[in-house]
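Read off the chains here:
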Amino acid sequence: MADLDLATFFLALLAGAIRVGTPFIFVSLGECLTEKSGRINLGLEGILVSGAMAGYAVAYLTGSAWIGVLAAGGAGLMLGLLHGAICSLPRVNDIAVGIALMVLGTGLAFFLGKSFIQPQAPSLVAIHLGGWSDDERVRSALSINVLFFIGVALAFVLSWGLRSTRWGLMLRLVGDHAESARALGYRPVLVRIAATAAGGFLAGIGGAYLSLYYPGSWNEGLSSGQGIMAVALVIFARWQPLRCLWAALLFGAAGAIGPALQSVGISSGYYLFSAAPYALTLAVMFITCRPNQTLSGAPGELSLTR
Amino acid sequence: MNFRNQFYRVGVALLPGLPSLLAALTTFVLFMLFLTVQGKPAWEACQLVVQGAFGSAFALESTLQRAAPLMLTALCVALPARAGLIIIGGEGALVLGGLAAAVAPLWLPSMPTLLMLLCMAFSAMLVGGFWIGLNGWMRQKRGLNETIGSLLLSYIAIALFNQLVEGPLRDPASLNKPSTVPLGDDLLIGPISDQFQVHWGLVVGIIACVLAQILVRNSVTGFSLQVVGGNVRTARMMGLPVDRLVILTCVLGGACAGLAGMFEVAAVQGSANAAIIAGYGASGILVAFAARQNPLAIIACAILLGGIEASGSLLQRRLGLPDATTLILEGILFTSLLAWEALTPRIVAWRLRLNERVIQAQGALQHG
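Protein sequence lines correspond, in order, to chains A and B. Heads up: the first sequence at position 141 corresponds to 141 in the working numbering, and the numbers run straight through without jumps. Heads up: the second sequence at position 115 corresponds to 115 in the working numbering, and the numbers run straight through without jumps.
Treat the hints with care, since some could be wrong.
[Unchecked claim] Coverage of chain A stretches by chain B, computed from C-beta distances (three or more under 8 angstroms per stretch; other residues unrestricted):
{"hint": "1", "region": "84-96"}
{"hint": "2", "region": "269-281"}
[Said to hold, decoys possible] Which residues of chain A face chain B? A few of them, derived with a C-beta cut under 7 angstroms, are:
{"hint": "3", "residue": "K114"}
{"hint": "4", "residue": "F149"}
{"hint": "5", "residue": "I150"}
{"hint": "6", "residue": "A232"}
{"hint": "7", "residue": "V284"}
{"hint": "8", "residue": "F286"}
No lab work stands behind these hints, which were simulated from the structure alone. Being a predicted model, the structure only gives us computed values, none of them experimental. Where a beta carbon is used, it is the ideal one built from N, C-alpha and C, also for glycine.
The following block holds chain A by itself, in its conformation from the complex (with noise of 0.2 angstroms):
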């Protein structure tokens, strides 16, 4: 433990919790519009996946990187889309429709993307933010992709957009309380449709950053679940999305702290570590819970707090 390099082992974290956090901020902040709008998209797993392939194919096919992440979230618009549909039959159930989702986008995904395994697509640059440093693994660690920044701008835009304009308090008072809404004229079901595709594109574009960036190839084993966490990170950052950004990054500093802890020497627990931002978002939601009581802050229609 003598030589244990705090300096070595925050910056790595640092570096981690960007670069593994900035799909979870485009994922996260997916979802957060799809729940304020009072529905759950379980599916966005196989939205990831499905808008990594697509990236990464349209990426190599028109050698433009940029082209391949608006394919990207066009893909998921397009798989959003299916899912707000179906989910706006009557009787129907989003959860099981999610999952049927993250079947058929993955399955399509694994398909479609057979053939796109070998060769390399243009990747996405980083802007190097760490030119003043002398330190390498600084200037490593302050290599930041474009996404990042986009991301966290769209953060403070939504957070903004549902709280003050029009749309967002429209959109919210859907996901409250749609019967208000109705009485008001506007329409739910489109809605709450509009608001799964956008999601749905977001999760697209958190997908064309795992393939075109980081790890930066497209393969099957590519995601290791961020479309899932994402559902949690929602809950964990109680819908808002100044929140979702924080605990994207907090959740990405989680999945980095197994290999941060590598680069010291330490390599046990590893699992554990990465389980860490599901065993937080849960010690929260069973502090916080109480019977008879939703979560402060949950959209009054959403089928979890119900």
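Use these hints to put chain B onto chain A, whose structure you have.
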């Protein structure tokens, strides 16, 4: 007139199956369309799915082998669903149950084979039941949503499993595939018979489904559960022990999933290793929803899903289609099954109308 009457009667009997039939048809069309767009021989692929699932004794064995754990993990969804809970964490109970079954012979004193197998099954059920029961308890005591809670607990269970299998419980002899110490040959569960190479998990799965059906349909507990699932306030007014009933269903469901883990360890893998984390939990959820949480229907749905999964190797060998083809078929099938569920209210109305016609027709016969 009489003929028409018969026609109405048949209609009344068959109407509930209409959504499933339409879903199968939709799936067939969409799957064919997908393969055709991909430039693959669609019709041939569909034939191979049927052939690979049920076409030969070998195919049937493979199908049933896969169906066995699905029946048990589906019960882990369907039993709590009776009390109005949506539990999606069966995978966690399965892996921890499998682990418990794998280490039981190491920790317990030596005893006759059959007794040891029973102990293994009991410890698997105990651990699985505890894990899902914990969900029920957290929900009843703290109001913690059981769907998310079970999802989180499932991932925690998988991490715990990996940590234990790669750490303290690892057999030092298992080099590149971390496993627990392999079970002795006498503790490996063999096939039902030499002519029928399917492990006993199938029999246990079917028995569990039948018992579950008896529990939910023919017992007082089942009736109470129906009240709890329908309206908790009514149940409380009737003085039913709501908390105990809810936790009971969770424990029973978890025990089933744990048992599935034990069969994966003792009949398929021979030791607990990461190969038992194979997505049986998620497939079980789909089976339970496709069966509309009906234990007997679970048997059929599990066999159907097992068949689709089993046909993958034949599709790959004959047509060079990737493994993921079966995932797509599964995804389309379950999405359309869930979507056609929307027809249920209409079907109730149509049945009522047909029933009226039957009664009218009978009246006409008697008076005419």
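Original post:
In ascending order, which of the hints set out earlier in this document are inconsistent with the structure?
Top reply: Failing hints, ascending: 4, 5 and 7.
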